[in-house]
Amino acid sequence: MIKNISNLGDAALYCDFGNEVNKSINSQVIKYFKTIKEKKLEGINNLTPSYNKLIISYDLRKTNFKEVKKFIENINIEESKKTNSKKLEIPVCCHENFSMDIKRLEEILKLSREKILENFLNKDYFCYMTGFIAGMPFLGDLDENMRAQRLETPRVKVPKGSVAVTEQFANIYTFESPGGWNILGNTPLDVFDSSKEEKPNLINPGDTVIFKEITLDQYNNFNE
Amino acid sequence: MNNNYLDIIRPGINTTFQDKGRDHLYHIGIPFSGAMDNRNYLIANKLVNNNLDAAVIEFAYQGPHLKYSGEKINFAITGDVIFSIKKKDTQIEGNCYQSYQIENGDEINILSTNKSVYGYLALGGELDLKFQWNSCSINTKANIGSNDGKKLDAGQRINFKKINSNKNIKKIDYINTKIENIRVMKGTNFDYFSEQGKQTFYEKEFIVSKLSDRMGMRLEGPKIENIFDTNIKSEGLIKGVIQVPADGNPIIMLSDHGTVGGYPKIGVVVSVDYDRLVQMAPGSKIKFKEINLSDAETLFKLYEMETQNLLYQI
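These protein sequence lines map, in sequence, to chains A and B.
If you're matching positions, the first sequence starts at 1 in this note's numbering and goes up one per residue.
If you're matching positions, the second sequence starts at 1001 in this note's numbering and goes up one per residue.
By construction, these hints were calculated from the structure, which means they are not laboratory data.
Where hints are given, some of them may not hold.
[As the list claims (entries may be wrong)] Mimicking EDC-like on lysine to aspartate or glutamate, the simulated pairs with C-alpha atoms at most 20 Å apart in a straight line are: (1) A/Lys-196 / B/Asp-1053; (2) B/Lys-1233 / A/Glu-152; (3) B/Lys-1130 / B/Asp-1053; (4) B/Lys-1233 / A/Glu-67; (5) A/Lys-69 / B/Asp-1295; (6) A/Lys-199 / B/Asp-1295; (7) B/Lys-1210 / B/Glu-1220.
Please model the entire structure based on the sequences and the hints provided.
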């Protein structure tokens, strides 16, 4: 449930679901997000669900904080609401051409390359949210012994398709962008496709993702 | 298709097509985009009899040099912009906030924005552009929108779908007001900062850094001290949010901002000051002044009425 609603500036509502990051709080956020989205309240521009917050921004020409707050406080959230989540397999190549930060991770985590990949691959990860850059999924949770801080100095260019980890999370760089996460491998899949306006994101909040290793040969001959 | 087009002789520094922007997409990571200075965008379209949500050419600092081919059309430039119009035998200095007629072979040369950042070129008609999610706005980071999401380049041709039949010349007296104090409301992590940090935020001057772009405005000045945590769990952002990363230098989110971020939010610029904020060029001094929600709402209403009134006069 929402613990507190406050304003973020004069054109957005800040719905706080708590400070912990877990599936059950995030599922609440996603339920609110989906219900509000369906109701299409006049004046709401955008909804941004994250681990434990939901930000609702609105057009100040059409509505205001008081009106949107009242609407959110009185909204009926169906507990049984289906989230239509999918389970997806993401092929990832961890060849040294791609796993740029494996040595750094070996040092920080005090684990061998083999052990790191064994811990990372073939496990279910939950998609908490997408964003920062278009379509980037924030996946969790990594095992306790797999958690490393981000790079001290972020890279100016992280290659498209990079699969990377930081703290308890994994993500995929949907296109070339700056970034500071530890890169483990690369997927040949298009995780974001702007030509598909209806469904540009392959992975959506609530989905489950499993990384499956592929060889460099399979990567190079990959056909969607 | 018709035979009216513009050839880009010189593209300018950061020249893009922009319109009203795209909404309902933050949850998949796509920002609002759209014209940075909304009032000047609307006025430009009105001056050439376009729909108010039509596509315009937005430029920053130095604008494009364009050569027109086709039937007579009108154009208008808004902002604080120095430009010239070259006709067969003459060259004249152009004035902002007034429409001009150009014909086959004429050139528009947008030299620079004056002590500001963005300017707008509206052309009387409809440009032939690709739309994505109901907007042609170019987002160069995600390569979304018209022109494959890339800024305009030399040698490119801009085609028209149609040109307006109403070619009355229009004009309005308007001066862009400058402000030194940017009004803000407390951010959701205001209490992460020390008493001294809060005081620094409200009382000291900051300078707009040249590392600013359509995504964000970086500020330089006294460091804002954080006493709690320099990272938060990533959460949604909106334009105007002021984040303070570990280095203590604030960054204000602008129209192409990342949709989520993990730095503490010390404040949010109120809507009424956004158009003027984005026009503050690198080197400008900024001071933040706190206001409350009801004042922010009232001031925005007045600003919006003033915008509507300006459009009505055209």
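Hints and how they fare:
Between the alpha carbons of A/Lys-196 and B/Asp-1053 the distance comes to roughly 24 Å, so the proposed pair goes past 20 Å and is violated. Between B/Lys-1233 and A/Glu-152 the alpha-carbon distance is near 18 Å, which keeps this suggested pair within the 20 Å criterion. About 15 Å separates the Cα atoms of B/Lys-1130 and B/Asp-1053, which keeps this hinted pair within 20 Å; it holds. The hinted pair formed by B/Lys-1233 and A/Glu-67 fails the criterion: a straight-line CA distance of about 28 Å is larger than 20 Å.
The suggested pairing of A/Lys-69 with B/Asp-1295 holds, with an alpha-carbon distance near 18 Å, which does not exceed 20 Å. In summary, the hint linking A/Lys-199 to B/Asp-1295 is not supported, as the alpha carbons are separated by about 40 Å, beyond the 20 Å threshold. Annotation: proposed proximity of B/Lys-1210 to B/Glu-1220 holds, straight-line Cα distance about 10 Å (limit 20 Å).
In summary, the structure is inconsistent with hints 1, 4, 6 from the numbered list given earlier, while agreeing with the others.
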